[in-house]
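**Student:** Work out the full structure, taking the sequences as your base and the hints as a guide.
The sequence shown: position 93 = 460 (our numbering), numbered continuously.
No lab work stands behind these hints, which were simulated from the structure alone. Computed from a prediction, not measured in an experiment: that's the story for all the values here. All residues carry an ideal CB built from backbone N, CA and C; glycine is no exception. Each hint should be verified, as a subset may be incorrect.
When the alpha-carbon atoms are kept at most 20 Å apart in a straight line, the in silico SDA-like pairs for lysine to any residue are as follows [said to hold, decoys possible]:
1) 476 x 447
2) 512 x 409
3) 467 x 479
Distance ranges between label pairs, derived from CB positions [as the list claims (entries may be wrong)]:
4) 545 x 445: 18 to 24 Å
5) 401 x 497: 16 to 22 Å
6) 384 x 518: 27 to 33 Å
7) 463 x 499: 24 to 30 Å
8) 468 x 493: 26 to 32 Å
9) 384 x 508: 38 to 44 Å
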Amino acid sequence: MKSSKQKQVGLLHPLPVPEKPWQVVSLDFITGLPTTTSGHDAILVVIDKFSKMGHFILTHTTARTEEAAQLFVHYILSQHGIPTTLISDRDPKFTSKFWKELMSLLGIKLAMSSAYHLQTDGHTERLNQIVEQLLRAACKDEISKWYLHLPVLEFAYNNATHAATRQTPFFLCYGRHPLMPQKPTASATW
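**Tutor:** The structure is reproduced here in structure tokens:
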């Protein structure tokens with residue numbers, strides 16, 4: 368397939384550059400995973416644009432807007448506070464009246480990526496690819512048990528040096544490395 372040589376229509380508006388962790392956040396869903404016994408078949412991926420820290424939240428493709436909001440409050444706001452900007456694609460969950468009103472009440476500016484300007488949310492798309500690769504590697508023999516690996520994969524991702532920051536997301540958020548019984552022998556850079 369040839370890439371288009373036509374000039375893209377519209378202007379790219381730069382996103383705010385975060386000054387501290389969890390100020391600018393993006394989120395997206397990974398779908399199409401095998402359904403677990405509890406009905407989960409998707410992951411809500413949330414990434415902090417400053418530290419590159421990610422959270423991989425178990426959910427299901429049919430989650431309604433209210434459920435997505437509940438996950439966001441439970442896993443992100445309760446742990447990191449209220450961001451100033453939230454970046455997402457144009458999933459109906461994130462374009463709904465309920466979602467927009469909730470973000471407005473919380474004082475969160477919504478920034479939507481465009482189908483023609485996917486670079487708006489490139490970090491999240493890249494993290495989705497990384498999560499999918501990690502799941503394939505961790506679950507090669509038992510793909511139906513993918514959900515059991517999410518906490519460890521999230522820990523591994525957040526404790527690997529990120530190429531853009533040359534630090535681990537954990538260190539950039541908390542100013543220290545997590546306590547571990549011994550120093551890992553392998554290292555990874557994303």
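**Student:** Evaluate each hint against the coordinates.
**Tutor:** So, going through the hints one by one against the coordinates:
Among the hinted pairs, residue 476 with residue 447 is consistent with the structure: their alpha-carbon atoms are about 17 Å apart, no more than 20 Å. Between residue 512 and residue 409 the CA atoms are separated by roughly 13 Å; this keeps the pair inside 20 Å, and the hint holds. Simply put, residue 467 and residue 479 have alpha-carbon atoms about 11 Å apart, close enough for the 20 Å limit, and the pair holds. Between residue 545 and residue 445 the CB atoms are about 19 Å apart, so this pair conforms to the stated range of 18 to 24 Å.
For residue 401 and residue 497, the hinted distance range of 16 to 22 Å is satisfied, since their beta carbons lie about 19 Å from each other. Look at residue 384 against residue 518: about 30 Å separates their beta carbons, and that is inside 27 to 33 Å. Take residue 463 and residue 499: their Cβ atoms lie about 26 Å apart, and the range 24 to 30 Å holds. Between residue 468 and residue 493 the beta carbon distance is about 30 Å. The supplied range of 26 to 32 Å therefore holds.
The hint said 38 to 44 Å for the Cβ distance between residue 384 and residue 508, and at roughly 43 Å that hint holds.
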